[in-house]
Each structure stands twice: as C-alpha cells, then as structure tokens.
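Asks: All chains should be modelled from the sequences, with the hints used to inform the complete structure.
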Amino acid sequence: MNITEKILARASGRPRVTPGDVIFANVDKVMMHDVSGPGVIKVFDKLKKQGVNVDKLWDPTKVWVAEDHFVPSPDKVSAENIVKLSNFTKNYGIEKHFKYGMGQYGICHTLSHEEALVLPGDVYVGGDSHTNTTGALGSFACGLGHTDVAYVLLNGKIWFKVPETLYFKLNGKLPEHVMAKDFILKIIGDISTEGGAYKTMQFGGSGINEMSVESRLTLCNMTTEAGAKNGIVEPDQKVIDYLTSRGATNISLVVGDDDAEYEKIYEYEGSEMEPIVAKPFSPENISIVREAPSVELDKSYIGSCTGAKYEDLQAAAKILKGRKVKIRTEILPASISIYKRAMENGLLKIFLDAGATVGPPTCGACCGAHMGVLAKDEICISTTNRNFPGRMGHVDSQTYLSSPLVAAASAVTGKITDPRDLN
Amino acid sequence: MKGNVIKYARDNIDTDVIIPGQYLKVHDYSELALHAMEGLDPDFHSKVKEGDFILSGRNFGCGSSREHAPIALSHSGIKAVLALSFARIFYRNAVDGAFLLPIEIEEDAYSNISEGDEIDIDIHTNEIKNITKNKTYKMKPFSEIIGKIIEAGGLFKYKPD
Chain P
29 MNITEKILAR
39 ASGRPRVTPG
49 DVIFANVDKV
59 MMHDVSGPGV
69 IKVFDKLKKQ
79 GVNVDKLWDP
89 TKVWVAEDHF
99 VPSPDKVSAE
109 NIVKLSNFTK
119 NYGIEKHFKY
129 GMGQYGICHT
139 LSHEEALVLP
149 GDVYVGGDSH
159 TNTTGALGSF
169 ACGLGHTDVA
179 YVLLNGKIWF
189 KVPETLYFKL
199 NGKLPEHVMA
209 KDFILKIIGD
219 ISTEGGAYKT
229 MQFGGSGINE
239 MSVESRLTLC
249 NMTTEAGAKN
259 GIVEPDQKVI
269 DYLTSRGATN
279 ISLVVGDDDA
289 EYEKIYEYEG
299 SEMEPIVAKP
309 FSPENISIVR
319 EAPSVELDKS
329 YIGSCTGAKY
339 EDLQAAAKIL
349 KGRKVKIRTE
359 ILPASISIYK
369 RAMENGLLKI
379 FLDAGATVGP
389 PTCGACCGAH
399 MGVLAKDEIC
409 ISTTNRNFPG
419 RMGHVDSQTY
429 LSSPLVAAAS
439 AVTGKITDPR
449 DLN
Chain R
-9 MKGNVIKYAR
1 DNIDTDVIIP
11 GQYLKVHDYS
21 ELALHAMEGL
31 DPDFHSKVKE
41 GDFILSGRNF
51 GCGSSREHAP
61 IALSHSGIKA
71 VLALSFARIF
81 YRNAVDGAFL
91 LPIEIEEDAY
101 SNISEGDEID
111 IDIHTNEIKN
121 ITKNKTYKMK
131 PFSEIIGKII
141 EAGGLFKYKP
151 D
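In the order they appear, the protein sequences are chains P and R. Sequential numbering from 29 applies to the first sequence in my numbering. Sequential numbering from -9 applies to the second sequence in my numbering.
Don't take each hint at face value.
Within a straight-line C-alpha distance of at most 20 Å, the following computed PhoX-like cross-link-like pairs (lysine-lysine) qualify [to be verified]: (1) -3(R) to 37(R); (2) 189(P) to 130(R); (3) 125(R) to 149(R); (4) 147(R) to 185(P); (5) 138(R) to 189(P).
These aren't lab readings, by the way, just hints derived from the structure by calculation.
Replies: Following this line, the structure appears as structure tokens:
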C-alpha cells in the first residue's frame, strides 16, 4: 500500500484497503473556522430540531477552531459570526480556539503546521478546501463541508472512497529563482484543474527530499486546485525536526510499502523548471513568466495559506530589499508567529522601506472577503491559490497567480516580471 | 422528478461564481439564494423556478468547500444539477447535506438538452426523459454509498451497515 492507503487502512481498522473501497475512517483531528463554523452550528441547530442529541462532541480535544476569513471583522454579520464561534467553543469545551487579537492566530492551514496541530499519519479533516495543505506533514488531510464536519464532531468518523494516487516525482533541486509555487502551477497546467479529481496527489523524488517543509506545504495546498482529495509527501527527518521545534512529541512516521502502487507517475526535472504564472481565470491557464502578457498591474498581493509562510516572506524580502514598489503592494503574514519572526528578523522593515503595506493575518482579499478586494478592471499579481472570475473582488477584476519571488519582482516593475530580469 | 432546465454550456463552473466569497459570512439560506450564480448570471434569481434543474459541463462546483454553494442553489429551487462531471466537495456536500441531486450525464444528454426543456429524471431506472423533445438519455448510476445516503435523506439519516 502507498502512504495514503496505509493511513486510511489503519483509520478504518482494516488490514488493507484498495482504491475504490468505501470506508468509514476514524478521524484524529478536525478544524473549522469563522465561515465553516457558523455553518456547522446551523447544522447542529437543525439536528436539534429533529430530535438528535447534540449535547456533546465526540472529543473536544481533537477539535480546533480558527478565525481567519473575516477577521478583523469588516461588518456586523462577521462580528456576530465570531461571537457565535466563541460561544460554541465555550459551550462544547473546545480549548484550541485561536482568537484574533489574543496571541497566536492566523489562517487555519498555517496554524495546522505552525502549532504542530497535525502529526504524520493522522487523518485530519477541516471545513475548508485547502485542508489538503497539511498533507505535507505526512498526514491524510482532506477538506469537507459543514454537514460532514458536523458529522465528524458528533461521531468521530467520516466516509471516504479510497482514492487512486497520482505520483509526481521531482528529480533534482529546483533552481534558486524557482519556488514550489512554480512547480505546482506547472503541474496544474499539465494535468488541468480536473486532473487530480477525487484522487491523491503524492510528491516525491530527490527534489522533494531537498525541499523545505514549507515548500512542500505549498505543493500540497494547491492540490485542491487540481481537484484532489488530498496531497501528501512521505514524512522524513525534516518533518520530525519541524514539528518537534514546535512542541510536538510522540511522532511516528508512516511511509508507503516498497511495492506501493500508483495509478500514474509523472516525472519532472528540477533544473528545467521556470517561474510560472497562472493567467486569469483559472489556475491551469499557465504561462512561463518571461512569456506572460505585458499588462500594467495595479497591485501585488503577498498573502494567504499558499503564499505568506515565513519562507514566502523571506523570498519577497530578498527581492524588495533596497528597492521600491511601483504599484500597491500588500503583504499579510499568514499567522502571528510568522509576523513576529518577520519583525524580529527585519523583514517587516524591508517591506515598509520598499513602500509596501503590511497587514494582519487574514484570508482577506484572497477569497474576495475584505481588506484589499479588487475593483472592476483592476489587475493583481498574487501569491494566493485561485483566480476564478470575481475571486478577489469584482467579477471583472483579474488575478495572476505567482510565487512570492515573482509577485515581489512584479511589485518593483509594475509588470509581470521574472526575478532574474530585475536590475 | 420533473422540471425545466437552465443550461450553462461551459466547464468548470466554480464555487466563486455559484456564490461569491463576500457572501460566505451569510448563513441565512434564503439570503444566500438571492445571490446564487451571481458571478456568472445576475439574472439567475429572477428566472429560476421551484423544481428547476441546472445543466452544465465538466467539473461543476470546483473550488472551495463552501456548503453555501449547494445551499444557495437548493434554496433557489434547484432540485438537481446535471453535469458531465462534478468536483468532489460540491458533490459530497450536495449529497451528505441532502440539498440537491448531482447527476452525472453523458455527452448526448449534455448536447441535446436545451435551455427551457422539460425533463423527467428517474434515479431508479437511471433515465432522463426529455419531455419537450421526446427523447431519452442515460444518466450514470450513483455509486452504492451515494445511492444509500440519497435514499436515507442525507448523511445524518444514513445508517452504515
């Protein structure tokens, strides 16, 4: 069995599973946030009316809650959702509630790794499509809707069809100017936004072994954009070190068997990879940066679970150091822990000296919610994950998806720019 | 199950157009219905009738896990979405929450059913009758678990064997 099959077999109490099997998997961790949480609460209310007992959760210690989409609250409805969420966690005894303005908080997927909330081998589900991100730690991480999350909260398990696995092998390191974001955009361009549908996308090979945990997180994050059920990387010493330094103990690694089977294997040579952008209006609509259209950009956005981890900010700082931005540039670290590190290590000063604005952690404009949404006809280059019509604001705005290196280089020139071409 | 078809002859209808991100904070189902399909078809709300179906291409519902998407469609009156294929979270949200039926169709149904056609869907015989054009098409049968959850009326009412 491969790693995903082994995790799902263990979680469903079976000696083995094969793709296509329908299982009920015991869940190790579950997450909801200020968008899915109120949705779950609504499901609970409906169940209560139907006479279902919703007095107790299956295990409140396995649940955590993030406030990320509509914080800081832009309006009354959002503020009320945060209050609803706070009442819920209080009533049900959920202690891991990361509250805006009270120490560590941030984007849910970022907290999953920054706070070592998920461990290798876990079955982890969350009320957000980019839950896939956390598969980079060697867990089965999968996004679900409100009804399914409510079901997990009450029953501790959920049904899955065991997925087929696509294996993406990266031979050799990515060049210095190329990031994991470029690699995953290239893959989505090759297989399409439906190419991973219902499947596992697993990443391996020497290039992945060389990669930092944060880069692997970027890869798994955007398996969602290929339609995948989960993205995963077999865990190694880097994952152990990463999680241990964040307080995790009792880490045991699950890896695939030597005779593990994959539906298809795709191979890429690290040295051949180039900086990539995804043009409007789909993550599969890719172009090499040097061949991208010469459009006048209005904004560069460096934020989100995809593109505002510490490493992403470091990449942006490398470009922005000693330079000035030519267009509006917004940088939103994905969690307070990252924000603090960026401050301590001088990154925030580099950003502010360059003329950029630094905002608080929030999903914000990535999902068109608030804080910097785009006007009609505005064009943005962004380190986020989707560029569907209206994703970041007006339905007639445009978003180009890129790595933080490209987004920062483009901030300096006002046009889509390969970091190698900066003076 | 009889109804009229609203057709979007394109692939990759994503959750951002089904219900734009700015409405994610809204959990009032009838208010969500007011904004259904707003990102693609601002006239949707005025033309949709109780019992209508949506017909579309590949990868319907791709993007986010927002359950707001099947909720907004279902509370607009949509009873089923017929598509060449579905994105996984939209599909499971539609079924587990018992909001609407996601029906996978073949190319002949996709190209031959037109906007406004009255059709009759039978999920037991897996047939779609086009009453307007007097034609019949096959739908892909639901997998065993999906069939059982639909039959039960959603995941919470389903009792695993």
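Asks: Decide, hint by hint, whether the structure agrees.
Replies: Status of the hints after comparison with the structure:
Simply put, residue -3(R) and residue 37(R) have alpha-carbon atoms about 12 Å apart, close enough for the 20 Å limit, and the pair holds. Taking the CA atoms of residue 189(P) and residue 130(R), the gap is about 17 Å. The hint holds against a cut of 20 Å. Between residue 125(R) and residue 149(R) the CA atoms are separated by roughly 37 Å; this puts the pair beyond 20 Å, and the hint is violated. With a CA separation close to 15 Å, the supplied pair residue 147(R) and residue 185(P) stays within the 20 Å bound.
Of the supplied pair hints, the one linking residue 138(R) and residue 189(P) holds, its CA atoms being roughly 14 Å apart against a limit of 20 Å.
Comparing the model with each numbered hint stated earlier shows that hint 3 is the single one that does not hold.
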